[in-house]
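Working from the sequences, and respecting the hints, build out all of it.
Residue numbers (this note's numbering), protein chains in the order written: chain Y, 1 to 311; chain X, 312 to 623.
Hints were generated in silico from the structure; no laboratory data involved. Note that this is a predicted model, so its numbers are computed, not measured. Be a bit skeptical, because a hint or two may be false.
Cross-link-like lysine-lysine pairs, in silico, DSS-like; alpha carbons within 27 Å at most [as the list claims (entries may be wrong)]: (1) X:Lys-616 with Y:Lys-120; (2) Y:Lys-126 with X:Lys-330; (3) Y:Lys-126 with X:Lys-337; (4) Y:Lys-120 with X:Lys-330; (5) Y:Lys-154 with X:Lys-361; (6) X:Lys-337 with Y:Lys-120; (7) X:Lys-332 with Y:Lys-126; (8) Y:Lys-120 with X:Lys-332; (9) Y:Lys-126 with X:Lys-616.
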Amino acid sequence: MSANTPSDLPVVSDRLAKNAMRHASERVIEALLFSAAAVSVLTTIGIVYVLVSESIHFFQNVSIVDFLTDTQWTPLFDDAHFGIMVLVSGTLVSSLVALLVAIPMGTIIAIYLSEFANGKVREVAKPILELLGGIPTIVFGYFALLMVTPLLQKIFPELPGFSLLSAGLVMGIMIVPYIASLSEDAMRAVPMSLREGSYAMGSTRLHTALHVVVPAAFSGLAASYILAISRAVGETMILAVAAGMQPNLTWNPMEPAATITSFIVQVALGDLPHGSIGYQTIFAAGLTLILITLLFNILGQWLRRRFRENY
Amino acid sequence: MQPTSLTTEQIRALIAKGKMKDAIFKGMGIFCLAVALLVIVLLVSDMVAKGSERLTVDFFLNFASRRATQAGILSAWVGSLLVMLVTALAAVPLGVAAGVYLEEYAKRNWLTEIIEINITNLAAVPSIVYGLLALGIFVYTFGFGQSILSAGLTLALLILPIIIVSTREAIRAIPAMIREGSMAVGATRWQTCRYHIIPYAMPGILTGVIIGLARAIGETAPIITIGALTFIAFLPPVPFTEVSPGVSAGLFDWVMSPFTVMPIQIFNWTSRPDPAFEINAAAAGFVLMAMVLTMNAIAIYLRYKMRKNIKW
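Put into structure tokens, the structure is as follows:
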């Protein structure tokens, strides 16, 4: 491009005028494209702004100490209590159940696909996993409530109709594809020479996979686990459908309980006036949810940096 | 190392043991994959078995009703389609533009870095938080209310990261010589993007768009959060038709209309105690699954086709 900018040069000919036009329109287009990219930043700012500003109103009415230590959650009753731990316990228990299913299953599938399976198996397995990951969560909720719960009740007759256990198990299945595909990518990025070295020493495939490939890909595995935790903590519909929505401070997965997310759904289903304390409650709950996710993400970043391997 | 004192038999036993462990692990891998497949098969077959009796033409043409046998999904599927239309109209231009900017224009500086980190983080934000964002911003601050417009824009923000990432990946696969060739004959940067980069990246972008929309059509939580109604027995106004005596609907009146969508209809039916509605939920769930799986299958097929055809 010529060094002549439209501003410092009098336009003398058609050709130069056209050039100047092109120059100007290029700038406009670049600005437009940039503003499209900036929408993502605006989204983040919007999320933080909405959650924090409504939560500030909330905390003018409810003290933070009560919020963190109260053992009851009855924001819509006359005798209102705002103990977020009630909802946090449901969220953590269901997430734990989900991760106990998803992490072993996802990791085994990933190791199998990257180290054991041949191309043909992979060609079939990956679309299956992708389809599983594409199933709407409301359909998983239906599955948990109407198929998994009755099945579990045959094993545990005392299991109630709504439980964190069945919701958590199905949530785990839902998360498997995320872990499997991200972990597999990480393991396939491990250079072949490492495996060859291990095989040359007489290692079996499994030994190579567990003692060479997995440690080398650990930062990628950690990233996939962190994403899985975010998914589990933020999952809504499976819990709203299958775990019941009554607040219950419990660490027992066999009980029904509300989670942060299912509480938000429950409130949104009702008709709360804008600006009421109940309306502000869901933003305080949302802020708690984001902070929990953030905490796990920071932990994950630290883990990744701590175990990153360079070749 | 000290010389080993293992006999041939012992070494053979060791090798056999190692091979056994390999085989056991292989079995575990196949078992886990089989569980995943089983879940899909069980889900679909259960929905078909329970819902097939309800899957008639009437089911698609009836509004929701208090009587399970007469209830249908007309307002739900129309709502879902219209919300998807708004989502696509908002998310595709924004996502593609952002992807093109980040790949072709952005300088490596702190601003670009912030945008990139941001997009990664947004992908991990729980979907219900987008619902809260929309409730605070679209519904009350902008005054869009509980309308198709609010829902469409919310889902657009939700799938924006998916579209941006797939656009960037598609663009990154285009070799530099294409750009150099275009610039060498005097094209500007935008002309290069407009006539070369975007068309060549199209299949990849399209795949991302379809996957994004498939995700959006199944999303329930953010739409419930903005307060979509669960019982809607009317359709949004068709442009230029008479809505009330003497008043005809404008071209865009439908975007401000209250609505319901497929996942909300399923949620509503699933959470009723009457088992007759279970059948409706199964049938509607099957329809939704069919929509989502078809979209995903198209995306997978496109990607497969693309990998075979393109040779630079």
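Cross-check of the supplied hints:
no., hint, in the structure
1, X:Lys-616 with Y:Lys-120, "holds, 17 Å"
2, Y:Lys-126 with X:Lys-330, "holds, 26 Å"
3, Y:Lys-126 with X:Lys-337, "holds, 17 Å"
4, Y:Lys-120 with X:Lys-330, "holds, 22 Å"
5, Y:Lys-154 with X:Lys-361, "holds, 21 Å"
6, X:Lys-337 with Y:Lys-120, "holds, 15 Å"
7, X:Lys-332 with Y:Lys-126, "holds, 24 Å"
8, Y:Lys-120 with X:Lys-332, "holds, 23 Å"
9, Y:Lys-126 with X:Lys-616, "holds, 16 Å"
The structure agrees with every numbered hint stated previously.
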